[in-house]
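Enquirer: What follows is the residue order along each chain.
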Amino acid sequence: DGGITQSPKYLFRKEGQNVTLSCEQNLNHDAMYWYRQDPGQGLRLIYYSQIVNDFQKGDIAEGYSVSREKKESFPLTVTSAQKNPTAFYLCATRPTLPPYEQYFGPGTRLTVT
Amino acid sequence: DQQVKQNSPSLSVQEGRISILNCDYTNSMFDYFLWYKKYPAEGPTFLISISSIKDKNEDGRFTVFLNKSAKHLSLHIVPSQPGDSAVYFCAAIRTTSGTYKYIFGTGTRLKVLA
Chain A
12 DGGITQSPKY LFRKEGQNVT LSCEQNLNHD AMYWYRQDPG QGLRLIYYSQ IVNDFQKGDI
72 AEGYSVSREK KESFPLTVTS AQKNPTAFYL CATRPTLPPY EQYFGPGTRL TVT
Chain B
177 DQQVKQNSPS LSVQEGRISI LNCDYTNSMF DYFLWYKKYP AEGPTFLISI SSIKDKNEDG
237 RFTVFLNKSA KHLSLHIVPS QPGDSAVYFC AAIRTTSGTY KYIFGTGTRL KVLA
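So the sequence lines, in the order shown, correspond to chains A and B. For the first sequence, the positions run 12 to 124 when this note's numbering is used. For the second sequence, the positions run 177 to 290 when this note's numbering is used.
These aren't lab readings, by the way, just hints derived from the structure by calculation. Possibly wrong hints are sitting among the right ones.
Said to hold, decoys possible - Derived pair list, reagent style EDC-like, types lysine to aspartate or glutamate, alpha-carbon separation capped at 16 Å:
{"id": "1", "chain 1": "A", "residue 1": "K82", "chain 2": "A", "residue 2": "D41"}
{"id": "2", "chain 1": "B", "residue 1": "K277", "chain 2": "A", "residue 2": "D70"}
{"id": "3", "chain 1": "A", "residue 1": "K82", "chain 2": "A", "residue 2": "D65"}
{"id": "4", "chain 1": "B", "residue 1": "K247", "chain 2": "B", "residue 2": "D207"}
{"id": "5", "chain 1": "A", "residue 1": "K94", "chain 2": "A", "residue 2": "D49"}
{"id": "6", "chain 1": "B", "residue 1": "K214", "chain 2": "A", "residue 2": "D49"}
{"id": "7", "chain 1": "A", "residue 1": "K20", "chain 2": "A", "residue 2": "D41"}
{"id": "8", "chain 1": "A", "residue 1": "K20", "chain 2": "B", "residue 2": "E218"}
{"id": "9", "chain 1": "B", "residue 1": "K232", "chain 2": "B", "residue 2": "D207"}
Claimed, not checked - Derived DEER-like restraints, expressed as beta-carbon distance ranges:
{"id": "10", "chain 1": "A", "residue 1": "E73", "chain 2": "B", "residue 2": "V254", "range": "42 to 48 Å"}
{"id": "11", "chain 1": "B", "residue 1": "T271", "chain 2": "A", "residue 2": "K20", "range": "46 to 52 Å"}
{"id": "12", "chain 1": "B", "residue 1": "T275", "chain 2": "A", "residue 2": "E80", "range": "17 to 23 Å"}
{"id": "13", "chain 1": "A", "residue 1": "Y21", "chain 2": "B", "residue 2": "R237", "range": "46 to 52 Å"}
{"id": "14", "chain 1": "B", "residue 1": "Q190", "chain 2": "A", "residue 2": "I71", "range": "36 to 42 Å"}
{"id": "15", "chain 1": "A", "residue 1": "S91", "chain 2": "B", "residue 2": "E191", "range": "47 to 53 Å"}
{"id": "16", "chain 1": "A", "residue 1": "R55", "chain 2": "B", "residue 2": "E218", "range": "29 to 35 Å"}
{"id": "17", "chain 1": "B", "residue 1": "R285", "chain 2": "A", "residue 2": "S18", "range": "25 to 31 Å"}
{"id": "18", "chain 1": "A", "residue 1": "K20", "chain 2": "B", "residue 2": "R237", "range": "26 to 32 Å"}
{"id": "19", "chain 1": "A", "residue 1": "E73", "chain 2": "B", "residue 2": "T275", "range": "17 to 23 Å"}
Beta carbons: idealized from backbone N, C-alpha and C, even for Gly.
Let the sequences and hints guide you as you build the complete structure.
Expert: This is how it looks when you write it as structure tokens:
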């Protein structure tokens, strides 16, 4: 049963704490992505990785960090430097063949108070 | 600079009728366009795609039309069903030198009335 898992579904943190969101995939896709969704906005790209041990900043990378030590895993750390961390976070993968549709995980809702 | 726009935040349609969701874009360099369906608190699910060299693609009840001269994309759902009620996102992909840039619209909330 192939897919993408994100855990936990809901996450609560106090301001000033770092928090790591998990993303695991068994689709055997090289490319993985992290997006953030806020109400009334489209998905905004935080970081992406096209291959193991390599990743690139997206449009809103400030206050976030990632690692890509394994093909299956692409964890996202939301640091205390991120000014507005409360959001819905989505992980996605991309196949190598067109039309290159991204596959999304179920998302993690992070609330920071 | 919003390169992909969905100007209608919401749409209501009677069950059995056609739903038409629209999307406009500004960059003529996009290679593929995608439509996704999203339920609350879940990840988007891929519905249908179209290449920039095509003007129509059909999959069951879903048809996507591309008008390149107008830079306009539309998704037709016929017949609409209550289970189609969700937020629909269009997305455009630009592929350049091995990189893949995805631009998403802000979504249209479709409500299908029974």
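Enquirer: Run every hint past the structure and note whether it holds.
Expert: These are the hints, each one checked on the structure:
Note on A/K82 and A/D41: the hinted pairing holds, with a Cα-Cα distance of about 6 Å set against a maximum of 16 Å. With a C-alpha separation of about 11 Å, the suggested pairing of B/K277 with A/D70 holds against the 16 Å cut-off. With a C-alpha separation of about 11 Å, the suggested pairing of A/K82 with A/D65 holds against the 16 Å cut-off. Proximity of B/K247 to B/D207 is assessed by CA-CA distance (about 12 Å); at most 16 Å being required, the pair is judged to hold.
In summary, the hint linking A/K94 to A/D49 is supported, as the alpha carbons are separated by about 14 Å, within the 16 Å threshold. Taking the CA atoms of B/K214 and A/D49, the gap is near 14 Å; set against the 16 Å cutoff, the hint holds. A C-alpha spacing of about 24 Å is found between A/K20 and A/D41, which places the hinted pair above 16 Å, so the restraint is violated. With a C-alpha separation of about 9 Å, the suggested pair A/K20 and B/E218 falls inside the 16 Å cut-off, and the hint holds.
With a C-alpha separation of about 14 Å, the suggested pair B/K232 and B/D207 falls inside the 16 Å cut-off, and the hint holds. Our hint of 42 to 48 Å for A/E73 and B/V254 holds, since their Cβ atoms are close to 44 Å apart. Between B/T271 and A/K20 the Cβ separation comes to about 33 Å, which falls outside the hinted range of 46 to 52 Å. Remark: the range hint 17 to 23 Å for B/T275 to A/E80 is upheld by a beta-carbon distance near 22 Å.
Take A/Y21 and B/R237: their Cβ atoms lie about 33 Å apart, and the range 46 to 52 Å is violated. Between B/Q190 and A/I71 the Cβ separation comes to about 39 Å, which falls inside the hinted range of 36 to 42 Å. A/S91 and B/E191 have their C-beta atoms about 49 Å apart, which keeps the hinted 47 to 53 Å range intact. The supplied range of 29 to 35 Å is broken by A/R55 and B/E218, whose beta-carbon atoms lie about 18 Å from each other.
Restraint check, B/R285 to A/S18: a C-beta distance of roughly 27 Å satisfies the suggested window 25 to 31 Å. As the Cβ distance of A/K20 to B/R237 is approximately 30 Å, the hint placing it in 26 to 32 Å holds. Evaluation of the 17 to 23 Å hint for A/E73 and B/T275 yields a pass: the beta carbon distance comes to about 21 Å.
In the structure shown, a violation is registered for the earlier hints numbered 7, 11, 13, 16, in ascending order.
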